[in-house]
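Use these hints to put chain B onto chain A, whose structure you have.
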Amino acid sequence: MTFDVKGKVVLITGAASGIGAATARLAAARGAHVIATDLDGVKVQGIAADCHCIGLTHDVTDPHDWDNAIAAAVHHHGRLDALVSNAGIVNYEPIIDLDMARFRKLNQVHVEGSFIGMQRAVAQMRKQADGKPATGSIILTASVMANCVAPGISAYAVAKSAMANMARAVGVELGRKGDMIRVNAVCPGPTRTPLLEGVMAPGAMDDPEHWKDVPLGVPQEPEDIAESILFLISEESAFMTATQLVVDGGWSLT
Amino acid sequence: MTRTAIVTGSTSGIGRATALRLAKAGFHIIATGRSMERGAETVAQVKAAKGSAEFHSFDVTLESDWAAFADTITSAHASVDALINSAGSFFARPLPDTTLEEFRALCTADVESVVLGTKYGLRMMRDTRTAGSIVNISSLAGLIGLEDCAAYCAAKAAVTHFSRVAALEGAQLDPKVRVNSLNPGVIYTEMITGAYGDSDDVKAFVMDGNALQRVGTAQDIASAATFLASPAARMITGTAMLVDGGRGAD
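Residue numbers (our numbering), protein chains in the order written: chain A, 1 to 254; chain B, 255 to 504.
In short, the hints are calculated from the structure, not lab data.
So the derived label-pair ranges between C-beta atoms look like this:
#1 PRO429/B / VAL149/A: 28 to 38 angstroms
#2 GLU401/B / LYS177/A: 18 to 28 angstroms
#3 ALA169/A / ALA298/B: 38 to 48 angstroms
#4 ALA29/A / ASP428/B: 26 to 36 angstroms
#5 PRO208/A / ALA298/B: 41 to 51 angstroms
#6 THR447/B / THR254/A: 32 to 42 angstroms
Straight line, CA to CA, 20 angstroms or less: simulated DMTMM-like cross-link-like pairs of lysine to aspartate or glutamate:
#7 LYS430/B / GLU221/A
#8 LYS132/A / GLU173/A
#9 LYS212/A / ASP428/B
#10 LYS278/B / ASP4/A
#11 LYS177/A / ASP462/B
For glycine and all other residues, C-beta sits at the position ideal for the given N, C-alpha and C.
This is chain A alone, in the form it adopts within the complex (with noise of 0.2 angstroms):
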């Protein structure tokens, strides 16, 4: 049972690895038109060449890199239907030791990232509109860090609770102005990708003991929030906007 993204032309950012890897493959084998970008150029082809996609080198900082990923999707496929904006790092450090030039690149390639991106997107979904309401669908990838937090975990909280706001203030404003483009955030709980593993001890997203603060027990895995996030590019969310939807496997409950 799947929800229809075929022929839909989608940008996805920090398709490298993890989420983004993820949704590109499933979107790819679910026939959507992929743009795959990711700061790692090389990464990124590889991901490409697998699902037959275009891989571009993608700066999310960088307005330049933004128009040329647009650029692309028009150039190959005509227009562009839907923006994943996706890429991220992360950070854990203490508030009293944190670095401000680290502050500031988690909020550059989260907040800044997505905000450039945006502007980018709808420019391009307004103009191959035609005139009539332009559709289209954003998707930020925020976290349930948006909502909740934890030790160490601050610079990445602010910069994730801005991308989900984000996705709130932009999905009402398009809205009102009349355009059908929806904006809504998706926030997963702690995800098996290799960003996560890169702070974690060699293995330990492995071991059952890590998951045992989810209440459903199992891993989850880059697919499950790639599946969501094909939803909401689909026709059948089309009356979502402006909302966050949680996959965390019921980690934030408690």
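Frame of chain A, contents of chain B only:
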């Protein structure tokens, strides 16, 4: 093996649309409701769309009815994969004019029905050893206020939070059962037209209140319910999934 989905309140509105959408996804539909005639119509619509369905008439606010229904279902079916608790009621009236009896009646129709549905849903899934999914249809009104609707808002807030606790309990079963609330904004169904009337003014109110400025349909909610019932939502439990056209965001 055929997967089965129970849909309460499937004699109209969101329940009927959800039964049809789940049937399209391959579920055998166990439709429930009060009216035999309207239940037969839901079954006919599912069958016309090449699905399979059966109808059981019972009162979702009576525990004895749920107990008998659960026995019937677990004897006849190898698994209960999804339960959509969609049956519910609504009224709008200023609080000073609302009687305690009216308040209680709404809590019975909207909260007790879901509490019983979830209780017997968990039992049916436990007894058939199914890693099932329970979707409780709540409302945006369970998350934000709606004037003249104190009883409805209180009832739907109860459904939303009850579902979170039920998610924790469902996760203790083996195999684990997922429980979520689905919180629609104003959806143009008989529940709304029954309370406010079916007119262009009502339609305009329904549209203007949400950011997307279109009428929310039963199909919009049916799609979300089907998503929550599906393996695509394998890791979603304890969530309040909002489908409201942005109505609650501003």
